[in-house]
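Assembling the complex is the task here: the two chains are given apart, and the hints tell you how they should meet.
For reference, the chains in residue letters:
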Amino acid sequence: MNRSPYITDAPTVSMIMLKVLLALVPGIFAYTWVYGGGILVTLSLTTITALTLEAALLKIRQRPVKPYLMDLSAVVTAWLLALALPPLAPWWLAVVGTFFAIVIAKQLYGGLGYNPFNPAMVGYAVLLISFPIIMTKWPAPLILAETKLGFMDQLQFILGNVLPDNVKFDAVTSATPLDYLKTQLMLKHEVTAITQAPIFGMFGAKGGEVVTGAYLLGGLYLIQQRIISWRLPTAFLGALATISLAFYAIDPAHFANPLFHLMSGASMLCAFFIITDPVSGPTTPKGKLYFAAGVGVLTYVIRVYGGYPDGIAFAVLLMNMCVPLIDAHTQPRVFGHKTSGHS
Amino acid sequence: MNSIIQFTSRLMRRNSAQAGFHPFHGGVHPEGHKQESTAHPIAKLAIPDELTLPLRQHVGHIPKVKVRVGDHVLKGQMLAEAEGNVSAAIHAPTSGTITAIGEKLIPHPSGLPDMCITLTPDGKDTWCPLNSIDWRNTPKTELVSSLRTSGIVGLGGATFPTHIKLRPDGKSHIHTLVINAAECEPYITCDDMLMRERAEEIVKGIEIVQYLLAAEQCFIGIEDNKPEATVAMQTASKALAGTTVKVVPTLYPSGDARHLIKLLLGTEIPHDKRSTDVGIQVFNVATVLAIYRYFTFGEPAISRIVTMTGSVASPQNFEVLFGTPLQSLIQAAGGAQSGTASFIMGGPMMGFDLPSIDVPITKAANCIIAAIPDMFPPAPPAMPCIRCTRCADACPVNLQPQELYWFSKSDNFEKARDYSLFDCIECGCCTYVCPSNIPLVQYYRYAKSEIIAADRAKEAADLARERNEFRLARIEREKLERAQKHAERAAAGKAEGSKTEASKTETPKAEAVTNAGAIKSEVDKPANAPATDDAKKAAIAAAVERAKALKAAAQAETQKQSAQDTPATAEPQNSVDKQAKKDKQAMIAAAIERAKAQKLAAAQAGQVPKNTEAVSPAIQAEINEIEALRAKAKALTDAKEQE
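These protein sequence lines map, in sequence, to chains A and B. Numbering of the first sequence is given in our numbering, commencing with residue 1 and proceeding in unit increments. Numbering of the second sequence is given in our numbering, commencing with residue 344 and proceeding in unit increments.
Next comes chain B alone, as it looks inside the complex (with noise of 0.2 Å):
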């Protein structure tokens, strides 16, 4: 049966011109086992003990809760409001009390827990007071905005905030409006039955979003293996303008949307956009139809069509309230067949391994398959790749998986991103053809998750280092200015020695004073601008200059007061303290003595007169540091003035 399928497909795809599609590269034709649960129609779940809503359904930020353990709540109150730009809210799937706001197990791969707010029915289901809005009356802005409290997220599973895709964002016209109708994943037939049953509801909603985005042209694209839901979409969708039902073949992955996009239109999305960028958007039929709910009759995103399937009595289709534990859909299902030993939520292609049964139904889940070990054994030793290339013929995004594989088995991780690791949209389909049973997409999991992880660590790092190196910057700078104040006190000080030379009394005990006292609050002192190394040489040597200038002035000035002698007691800086004061006045009286005898000496030798003898070990350091700093500061103006 599989083989006829496939042939006739790939004669489909070989006519594929003719027939209105475009064919992408690979794809792999998985047995469908769509029958088992459309046998039944849609049937509604009763409203379990209790509701587990994990506050982590979409993809995003966290919504904020506004609720407290203990409030009494109604159907379709917000639990949690969207917080942030990508985010969506939460509401109260049924009436009933808050008993818990904590971490509980989540449907997630990981199977760690995550928050969750726990609600116990009434049992009395009494909605909140909902609102429709006439849609056609009420400018764009607001109903996208009204979306954002909706909690509506794309249920074909990727859970995107939905109101995000409907917001213009002023760069891209939307022409075309793509409806995602494909449901390729074997196992899955939640969408299918929807089209089935709710076909008008679907094209109303589609009206909507059409209406919201001013799309000019809408593609609902259907796989071929789901023939009475194309009636019924067609039938539908016959009153609406510029909206056409087109058949895809039956081909895994078509309902990835960029393949999808590829199929109806014959557009290749570039890797590095997305299809808003080229004037496409993509919505899942269950997402219409909560979107036509919403506006026509108010009510929130509190439940969806999931398909138990797999080892239970009856396979079926349901809706359920989003928070009601997996346990109550599998006995709605008949019970799990004995032996059943796992559940897998998605399909066998894309889906993964429940923790628990007590996991709740989240908006993600499209299907929950009950699994005995016989219906997915673990794959057989994996043996050596020996470069069949089958990977690489069923890969639809024309990948070489084989050496991708290769790469990621070695770390080499910087050849995989080179070979577009990146654009790999882990579907499986290498690993299902694989003689060699090779488990490709762990490989490229991990190997993604390891250049993620690095790229992280090298941008902390980054960060690190700069943050680093602006300190040392920092400290540098400072160190310079530190010495060019220096420098400039040094010139300040010279022109001040030579005033002493005139005067011969006050202007030691200054520079000492200033020296000493100036020192501390010069190395706390924070600095304000930075500045290059050639800035600031610049300002040493206008420092300098001015400093010269000032010599020349004072000497000017010193030579005319020459006659008259200042006080030898002149006050002292208020900054200094009393005791200070006096042992400074010591001090000063001293170092005027030694001045006196230095510059005598000085005089002889042709050097630069200094007063730092017999000082105490403290200024002595101070001192120090401050005569290295002015070599430096030397050091540097000497080499500007040489340039």
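Isolated chain A (complex conformation) (with noise of 0.2 Å):
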């Protein structure tokens, strides 16, 4: 019998797991800051029903259970989903976009390693087109917010819907950057008057750069631990920098520019750990560039022109879609061989 190699070196699936959850932990205490402890909550709720579904349909599907929850994957899709939600979602939110998310995009597709989108992100689309006007709520930050929120209060709404009295929702919500400058130029403002609103800070949203900035450092930290690849991030924040940079160079009177797009929205979130889920994303050196700049430009797009302020989801669920193309036209050269691809 021969079962050589004998020996292995290589983190687990469950160690490359945990390393994406330790690398969003800065983020998520910068969004704890930025929005209050409210993001606890939904980060549980997540978690919760994404451990429970997926046990339920490991049992349905009879699988052994505890193998594939230790993997932590869904643990990573329910943080990934949580985060994307806006902050103060309420709770059954949360629980059906986690629903979709580990129910029909992952185990309905044969469970880890075999769903073709990205979990998170079918979740999260789900929710965006059926309900949209709370998907496009967010709450203010904390430092511009009137009326603050205590932890308590956080927790109450999210699971019961009630606010303190005296205050009614509209008074802790604002409008997100990109949703105010979608909306800001279609009543023909510039784009230098828009920016000067509040709710801006030095790159992005106010607050929300400072969230945004948080997750570079834990994509970094991904990239120096060598669990996810370079390829995607550079491409993708190049793609977006890129395509942004030209629209600005050309009108900078209506068009944001680079910076604003690469601090804005779920951009940075979106570089290091959505397009990075390697289930849902392509394998060679060379498809990684091209998937990720797709999800870029793409991005670029339906943020500028498409009916919704960010286009994260969107923009990587269609690339999802091309990754079994990409794989097939970018096979590197084998040792040996004068072409690349396959024979």
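The set of hints was computed from the structure by calculation and includes no laboratory data. Where is the CB? At the ideal position from N, CA and C, for every residue including glycine. Check the hints yourself; a few may be wrong.
Unchecked claim - Within a straight-line C-alpha distance of at most 27 Å, the following computed DSSO-like cross-link-like pairs (lysine-lysine) qualify:
#	chain 1	residue 1	chain 2	residue 2
1	A	Lys286	B	Lys752
2	B	Lys791	A	Lys338
3	B	Lys752	B	Lys791
4	B	Lys514	B	Lys483
5	A	Lys66	B	Lys752
6	B	Lys514	A	Lys338
7	B	Lys407	B	Lys447
8	B	Lys752	A	Lys59
9	B	Lys837	B	Lys801
10	B	Lys447	B	Lys467
11	B	Lys828	B	Lys975
12	B	Lys758	A	Lys338
13	A	Lys206	A	Lys137
14	A	Lys338	B	Lys616
15	B	Lys822	B	Lys837
16	A	Lys182	A	Lys206
17	B	Lys758	A	Lys286
Stated by the list, open to error - Away from chain A, derived, C-beta distances all over 10 Å, residues of chain B:
#	residue
18	Val371
19	Lys467
20	Thr481
21	Pro511
22	Asn811
Below you can see the structure in the form of structure tokens.
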């Protein structure tokens, strides 16, 4: 019997997922600081829901439950979905989103390793299409909010839709910069004037850019740990920067500058945590560049011309569809072969 | 420690252009575990009580046994002779008696027994007369054919007969000789120790090989984890012109010949070619040493250096006679630690479990690792592939192992082949880095064997189909040939018929006799020349033409002879026996009468005359067959004529 190699030097799948979760921690800290502790409630909700549904589905599909729960992939999906949802999203929104992510997008396709679409983005897209109003209503960062909600207030609101007396929900919400920019541009205002609004920070959203920066930090850690390939974030951010720079250079009055696009919305989360999902992404080195650049360009197009303020989820899902094609056409040159691609 | 090595190695790779080597894609850095077995010098293992020499110790044909049970043989005497092109001889490692020739367990992954010669040493260790060869003053062809009797094979583990690699193929000139001293697999140190201790002899071997190949330059590739060996080789090779020691970074699998060539020369051997096609030949250090000893002392291949390491009391390198039972080697290394559960032959990346400690040490055995279960724990249950592509990053051939896995697992073998499955060198890097613990290499081995089996089955089926098609074609051809004959005869018969009309005597008899008597021999007659349908048609047409001409001639003839009637009782053919002759004569008489009547009727109805009434059932059957053939032949000739 030939069972070589006898040795292995690989982190387990659980280890990889654990490092991804670890890399999200700075972002979660920043998030809590900017929007309050409500996110911890949402994170708990999605995590518990994800693990419960995953366990139930594994049971139904007659798969071993423990090893698959221990791989932590469901937790990563849950966290990414929670971080993509608006803060203070009601509990059922988190549950419904997680259901679609875990049950429909992942387990029904065959579980870990078999899902063609990014589960967190499927969950997010379903929610965005089904509940557009709730999904686009973001609370103002605490530093800007007229009324600051404490952790218990946020908890009550998430779980029971109850706000403290004399506080209306509108008082705690504000448009996100991407949303505000879009509506103001439609009202024929110019970018320079629009970005004077208090919700704009140094690069992107006031407060939000801190969270974005924290994601960047976590992402760099993942590259250093060789958990993710540098190609994906580089190509995504590069494509997004290039296309926004091109438009900005032509007409700065109606197009935001590249830095704004890089630091707004879910750009950084996408660059380091969403498109880096190995299962639904491409496998070849070149393919990774094409895929990520495609997401970058689509994100920009949806942001500027689409019906939604941010386009990450749709861009990712659209590019997920192209993965088999990208892989098939970007096969690297095999050692000793003249041309790349298979014979 | 390992991470430091990895880091420095990565740094070295980055600066590789300056360092003078050309990096390849991928590779892994398993822990070396080499220092365990390099603490002591190479020791010579005592002659064991019994030597078991498998006939299959090399790549190629099994050698032909030259001894019989009971024969007394001397050390170095040839026991089995190389047979066929790719084969290697087997020699007696010591003097003694042949006690058995039969199946025994051999060190092979299959764990199956194979033919072995068993030699019981007499303890005298008497050499047979040895002839050294003055290689400088002997024609190269003689040297190479002499090597054929040396039993030397590649000692790096590939065990390819060495004389083949030194034989000029007349096609390509070898300009570069590469000496493989990378020894990239963990645990193995036999080449390292050999270089430390016998560098001078190795270099002398290099000189011979370089001379034989007429190679202008020689590179000795050594991984940077063997500084002592590097120094020894550098010192020893100083005097040898055109020979350079090149240090390559420690990166598995740098010892793979194609990868070593890439590292040293920057040349990528095309996947469908051999290194010799681009003028490069690779030899392992131990092999060139064996070549040196063969030419200088006449010593054939009877021993090798084996690393005995792992969970033994004192890991060490030993010079071991081929055929020595593994058990003796283990004892020499101080015995296996308690709990030792398995013995691996080769390294931990590409080696395999030995079926028993009774198996002999063979020419391929570079290293034996005794293993307690903790050393190489079985991989945890495999998880699904998450397409993380760590395997693709590690693959030295730049394959996409995750795709190959997918195709192999789903038995999509064509696709696997399409994605260059057969370029996989089974180095194990992909499995080594897989976070899902998928035994990828096993999947590739499985897919490869399935594809090879399917190809063989297809070849066999193709051959069978071809044979069957040929058979059917032959039957068809024979049928047509018969038809042709009959068409010819029918035409001739017609001519005879008209002759009869004129003479009204002999012809019907003659026709009946030839038809009835000749059919048997026609049916059994083997066809001798294949012909296409067109050719057959043409032949038939020609035959018909000939028959027509004959008929015309016969008509002319009969008209001339119309006055003279030939006797009715002409001699029938000799082939027909007497009884048949009598029967036929009676039949003929009747037939003549019938023919007369028929002719009359036919003349009235405008029909072709027939003489087939009132015959025996056997003849009737034959006649029916002939009629069918005639009809077919007629159809064919008609068709031909219409064309």
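Hint check:
no., hint, verdict
1, Lys286(A) / Lys752(B), "holds (25 Å)"
2, Lys791(B) / Lys338(A), "holds (23 Å)"
3, Lys752(B) / Lys791(B), "holds (12 Å)"
4, Lys514(B) / Lys483(B), "holds (16 Å)"
5, Lys66(A) / Lys752(B), "holds (24 Å)"
6, Lys514(B) / Lys338(A), "holds (22 Å)"
7, Lys407(B) / Lys447(B), "holds (17 Å)"
8, Lys752(B) / Lys59(A), "holds (24 Å)"
9, Lys837(B) / Lys801(B), "violated (52 Å)"
10, Lys447(B) / Lys467(B), "holds (26 Å)"
11, Lys828(B) / Lys975(B), "holds (12 Å)"
12, Lys758(B) / Lys338(A), "holds (20 Å)"
13, Lys206(A) / Lys137(A), "holds (16 Å)"
14, Lys338(A) / Lys616(B), "holds (12 Å)"
15, Lys822(B) / Lys837(B), "holds (22 Å)"
16, Lys182(A) / Lys206(A), "holds (17 Å)"
17, Lys758(B) / Lys286(A), "holds (21 Å)"
18, Val371, "violated (7 Å)"
19, Lys467, "holds (40 Å)"
20, Thr481, "holds (37 Å)"
21, Pro511, "holds (24 Å)"
22, Asn811, "holds (32 Å)"
When the structure is compared with the earlier hints, violations turn up for hints 9, 18 and for no others.
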